[in-house]
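S.K.: Here the numbering used here = 1-based position in the sequence shown + 165.
Calculated directly from the structure, the hints in this document are not laboratory data.
Heads up, a few of these hints could be off.
When the alpha-carbon atoms are kept at most 27 Å apart in a straight line, the in silico DSS-like pairs for lysine-lysine are as follows [as the list claims (entries may be wrong)]:
{"no.": "1", "residue 1": "Lys293", "residue 2": "Lys207"}
{"no.": "2", "residue 1": "Lys623", "residue 2": "Lys516"}
{"no.": "3", "residue 1": "Lys330", "residue 2": "Lys264"}
{"no.": "4", "residue 1": "Lys463", "residue 2": "Lys330"}
{"no.": "5", "residue 1": "Lys293", "residue 2": "Lys264"}
{"no.": "6", "residue 1": "Lys211", "residue 2": "Lys516"}
In this text, all values refer to a predicted model and were calculated from it rather than measured experimentally.
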Amino acid sequence: MLLLLAIGAISLSFRNASESSHDAIAINLAGRQRMLTQRIEKDLLKLSYAEQNHSDTSLILQDLALSCLLFDQTLTLLSKDSLVDENGKTFALASTQSKNAVALIKQANAIWAPMQAAVLPVISSTAKISSNALEQALFIVMRDNRDLLLLMNSLTSEIENAAHKKTSQLRITETLAIGLILVNFGFVLFYFRRQLTLLSESKLLSMRIMDNAGTAIIVINAESEIELCNHAAEHLFGYGTGKLTGENIRTLIDEPFYLQIGKRSNGERFALDIDLNEIHASGRRLFIASLYDLTEQKFREEQLNHLAYHDPLTGLPNRLLFMDRLAQTIARANRNNELAAILFIDLDRFKQVNDALGHATGDLLLQCVATRLMNCLREGDTLTRLGGDEFTMILDANDVNNYDTVAQKILSALNKEFHLNGHTIQISGSIGASLYPNDSSDIHALLHYADVAMYRAKARGGNTCCKYSEIAPASKAIPA
166 MLLLLAIGAI
176 SLSFRNASES
186 SHDAIAINLA
196 GRQRMLTQRI
206 EKDLLKLSYA
216 EQNHSDTSLI
226 LQDLALSCLL
236 FDQTLTLLSK
246 DSLVDENGKT
256 FALASTQSKN
266 AVALIKQANA
276 IWAPMQAAVL
286 PVISSTAKIS
296 SNALEQALFI
306 VMRDNRDLLL
316 LMNSLTSEIE
326 NAAHKKTSQL
336 RITETLAIGL
346 ILVNFGFVLF
356 YFRRQLTLLS
366 ESKLLSMRIM
376 DNAGTAIIVI
386 NAESEIELCN
396 HAAEHLFGYG
406 TGKLTGENIR
416 TLIDEPFYLQ
426 IGKRSNGERF
436 ALDIDLNEIH
446 ASGRRLFIAS
456 LYDLTEQKFR
466 EEQLNHLAYH
476 DPLTGLPNRL
486 LFMDRLAQTI
496 ARANRNNELA
506 AILFIDLDRF
516 KQVNDALGHA
526 TGDLLLQCVA
536 TRLMNCLREG
546 DTLTRLGGDE
556 FTMILDANDV
566 NNYDTVAQKI
576 LSALNKEFHL
586 NGHTIQISGS
596 IGASLYPNDS
606 SDIHALLHYA
616 DVAMYRAKAR
626 GGNTCCKYSE
636 IAPASKAIPA
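Taking the hints into account, I'd like the entire structure generated from these sequences.
M.R.: Okay, here's the thing in structure tokens:
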């Protein structure tokens, strides 16, 4: 009966794990919305700049139209209670159907509708773009983009909170399953102890029972000496048959015992789970220890934790870890009355490399760029990859006063040729910088300002760094 309950708990864990993967899809969709809102604003700014300089606007219009289409489609998808994957299988999106999530999506639709209506005449132009239409679209987008961005941030947080709750439920069901398995094993041990008494402590029969158990079992006397152990225990610690009998338990387990660290015959240490039960036989105190190797479980936990907070391509911290580190840096700077800076780095000509040489070479280039940027880091700095060809760097208070030097070091590193897959690749970087508390005390505003400054650096031809303070007087209409 207990075994059936354990199987049921494990099945529930698999279901929760599946729902968590669906939540990850919803989080990625909401995260993409934040990127798209900023792309729409940047494309309109590019369009305005191109019109003023009588440059070709066809590629910018295509990118603007694609960004609007993707944002509208994704917002529609988030409004639904289910999605269809590439195999035609429908799965539920419960995390987007909570009361708060529905309200946030509804507010986002209300803000997006006039923005879309304003941008549509611009992207629908078959001849010269109307300057009035472009100015109207730019005004409405810059006016409402911050509110839309904040709603997408709130929606992402709402979905993440729902995912965290499911993760907690998953851990509870896993703990329940393990507990039921241990209780079930306890009954096995009870049966084992009963058989020891009935069989007059026959060592031969005891060993047969123990060896049939897949779990490592050791019988210890009051002097901490090993009297019996099964083959599973000998295999676990790397000893031959009969080699452990008479040895002190300290040979196998480090002191203090509550740390539960095992020692193999080759000296390797590993994590153990020890279940110890006391029995009395013929007036003697004996202890039956059931031992479980936790090495694989610890490794899986560390692997899952790393994947949750790091970019799988470059191994750098991802957006979640970046926002956490940024919040800590700002809190420390506020507490110590110090400065902090964000550098927003975007690669110039990366799209051309990706289109011409393929995604495999593009991915390899991103890995090489990450390595070069890591070499520009100083103690206390944090480098992250937000996605695509965008990287961010948080500068520690000790480096803020000379972050021009850091930016120039980065530009110099990116200007050097890359030799990949038989190709010589030349790129550069555009860097935007924002400063706490001079530019803002809000972490989302600081990131947005650094992004805006980066675009201005790219508009200047790239391969340069632009501080937000240099353009702030002309950009007060840009929402924080």
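S.K.: With reference to the structure, classify each hint as holding or not holding.
M.R.: Hint-by-hint comparison with the structure:
1. Lys293 with Lys207: Answer holds: lysine 293 to lysine 207 is near 20 Å, not above 27 Å.
2. Lys623 with Lys516: holds (14 Å)
3. Lys330 with Lys264: Answer holds: lysine 330 to lysine 264 is near 16 Å, not above 27 Å.
4. Lys463 with Lys330: holds (22 Å)
5. Lys293 with Lys264: violated (45 Å)
6. Lys211 with Lys516: holds (17 Å)
Hint check: a violation occurs at hint 5 only; the rest are consistent with the structure.
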